[in-house]
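All chains should be built: construct the whole structure from the sequences, respecting the hints.
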Amino acid sequence: MKMKNRAEWVGKHISKTEKILDIGIKDAYVFHTLGFYPDVAVDIHPEDVPKEVKKHVNFYKASIYDLPFSDNSFSVVTVTEVLEHLKEPEKGIKECMRVGSRVVGTVPRGDHKSKYPQYYEFERGSLLRILGNIGSYTIREIKTPNWEGFGFIISKNRCSNFERKR
Numbered sequence: 001m002k003m004k005n006r007a008e009w010v011g012k013h014i015s016k017t018e019k020i021l022d023i024g025i026k027d028a029y030v031f032h033t034l035g036f037y038p039d040v041a042v043d044i045h046p047e048d049v050p051k052e053v054k055k056h057v058n059f060y061k062a063s064i065y066d067l068p069f070s071d072n073s074f075s076v077v078t079v080t081e082v083l084e085h086l087k088e089p090e091k092g093i094k095e096c097m098r099v100g101s102r103v104v105g106t107v108p109r110g111d112h113k114s115k116y117p118q119y120y121e122f123e124r125g126s127l128l129r130i131l132g133n134i135g136s137y138t139i140r141e142i143k144t145p146n147w148e149g150f151g152f153i154i155s156k157n158r159c160s161n162f163e164r165k166r
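Each step along the sequence shown adds one to the number in the working numbering, with nothing skipped, and position 56 is 56.
Heads up, a few of these hints could be off.
Stated by the list, open to error - Pairwise CB distance ranges, derived in the manner of DEER restraints:
no. : residue 1 : residue 2 : range
1   : M3        : K54       : 28 to 38 Å
2   : E121      : K55       : 33 to 43 Å
3   : E90       : S70       : 18 to 28 Å
4   : K55       : T33       : 10 to 20 Å
5   : P68       : E90       : 13 to 23 Å
6   : R129      : K55       : 34 to 44 Å
7   : D48       : P68       : 15 to 25 Å
Stated by the list, open to error - Below, simulated DSSO-like cross-link-like pairs (lysine-lysine); rule was C-alpha separation at most 27 Å, straight line:
no. : residue 1 : residue 2
8   : K87       : K115
9   : K4        : K19
10  : K61       : K4
11  : K26       : K51
12  : K156      : K115
13  : K54       : K16
14  : K115      : K91
15  : K156      : K51
16  : K4        : K55
17  : K156      : K91
18  : K115      : K55
19  : K87       : K61
20  : K87       : K55
21  : K12       : K91
22  : K26       : K94
23  : K51       : K61
24  : K94       : K156
25  : K16       : K87
26  : K156      : K19
27  : K16       : K94
28  : K115      : K4
29  : K26       : K4
30  : K4        : K51
31  : K55       : K156
32  : K61       : K91
Just so you know, the hints here were simulated from the structure itself, not pulled from any lab data.
Cβ coordinates follow ideal geometry from the N, Cα and C atoms, glycine included.
So, in structure tokens, the structure goes:
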């Protein structure tokens, strides 16, 4: 249920008419829930991305730190449940902002189970510090009763939404 609520939250902030890049697509759960696929997807573990997903997107094996796209190539970059697995999340978000007009993302609150190493356990303060290191943003906090975690939207020169469950 929690992942479905996160997918629905992401869906409120993106449109299938936008040019979307998804980072860390794996099984494309968010997009299956929304009923459409991103235009392009990257993952550093292509063996974990099902062939069915690869049939629906332009797939690249790539790192969030070095995306193989020109500046401003996408309307939106989605990063759901990715930042906690990065040693340098600020660097990853900056690279996403280079290729996209905005970033829509989610992170779990605290620790969660994953087969990949988790370098961060996010709480409000740690996520705000990371977003604050990217540039100058206005952050509005909104209570979200449906899931344990944080959602964020970063637009060029500002962060327009910050959601979390209390």
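For each hint, the structure was consulted:
1. One distance hint, 28 to 38 Å for the beta-carbon pair M3 and K54, is violated here, with the actual separation near 21 Å.
2. Roughly 35 Å separates the CB atoms of E121 and K55, a value that falls within the hinted 33 to 43 Å.
3. Separation of E90 from S70 is about 22 Å and conforms to the stated range, judged on CB atoms against 18 to 28 Å.
4. A hinted range of 10 to 20 Å holds for the C-beta pair K55 and T33, which are about 18 Å apart.
5. Distance hint check: the CB atoms of P68 and E90 are about 20 Å apart, consistent with the given range 13 to 23 Å.
6. In this structure the supplied range 34 to 44 Å holds for R129 paired with K55, their Cβ-Cβ distance being about 39 Å.
7. One distance hint, 15 to 25 Å for the beta-carbon pair D48 and P68, holds here, with the actual separation near 19 Å.
8. The straight-line distance between the Cα atoms of K87 and K115 is roughly 16 Å, inside the 27 Å bound, and the hint therefore holds.
9. Distance check on the hinted pair: K4 and K19 sit about 22 Å apart at the alpha-carbon level, within 27 Å; holds.
10. In summary, the hint linking K61 to K4 is supported, as the alpha carbons are separated by about 26 Å, within the 27 Å threshold.
11. Under the criterion of a C-alpha separation no larger than 27 Å, the hint pairing K26 with K51 is consistent with the structure, at around 11 Å.
12. Between K156 and K115 the CA atoms are separated by roughly 33 Å; this puts the pair beyond 27 Å, and the hint is violated.
13. A hinted pair counts as satisfied when its Cα atoms are at most 27 Å apart, and K54 with K16 qualifies at roughly 18 Å.
14. With a CA separation close to 23 Å, the supplied pair K115 and K91 stays within the 27 Å bound.
15. Restraint check: the Cα-Cα separation between K156 and K51 comes to about 34 Å, which exceeds 27 Å; the hinted pair is violated.
16. Between K4 and K55, the direct Cα distance comes to roughly 23 Å. Compliance with the 27 Å bound is thereby established for this hinted pair.
17. Simply put, K156 and K91 have alpha-carbon atoms about 15 Å apart, close enough for the 27 Å limit, and the pair holds.
18. Distance restraint check for K115 and K55: the Cα-Cα separation of roughly 25 Å lies within the 27 Å cut-off, and the hinted pair is therefore satisfied.
19. Restraint check for K87 and K61: satisfied, since their Cα atoms lie roughly 19 Å apart, inside the 27 Å limit.
20. Between K87 and K55 the alpha-carbon distance is near 30 Å, which puts this suggested pair outside the 27 Å criterion.
21. The straight-line distance between the Cα atoms of K12 and K91 is roughly 26 Å, inside the 27 Å bound, and the hint therefore holds.
22. For the proposed pair K26 and K94, the alpha carbon gap of about 22 Å is at most 27 Å, so the pair holds.
23. A hinted pair counts as satisfied when its Cα atoms are at most 27 Å apart, and K51 with K61 qualifies at roughly 14 Å.
24. Straight-line distance between C-alpha atoms of K94 and K156 comes to about 10 Å, which keeps the hinted pair within the 27 Å bound.
25. Restraint check for K16 and K87: the C-alpha separation of about 31 Å exceeds 27 Å, so the hint is violated.
26. Using a Cα cut-off of 27 Å, the hinted pair K156 and K19 holds, with the two alpha carbons roughly 16 Å apart.
27. Only pairs whose Cα atoms come within 27 Å are accepted, and K16 paired with K94 is accepted, the gap being roughly 24 Å.
28. A distance of roughly 20 Å separates the Cα atoms of K115 and K4; the hinted pair therefore holds under the 27 Å criterion.
29. Among the hinted pairs, K26 with K4 is consistent with the structure: their alpha-carbon atoms are about 15 Å apart, no more than 27 Å.
30. Simply put, K4 and K51 have alpha-carbon atoms about 22 Å apart, close enough for the 27 Å limit, and the pair holds.
31. Our distance criterion of 27 Å between C-alpha atoms is broken by K55 and K156, whose separation comes to about 31 Å.
32. This hinted pair checks out: K61 and K91 have alpha carbons roughly 18 Å apart, not beyond 27 Å.
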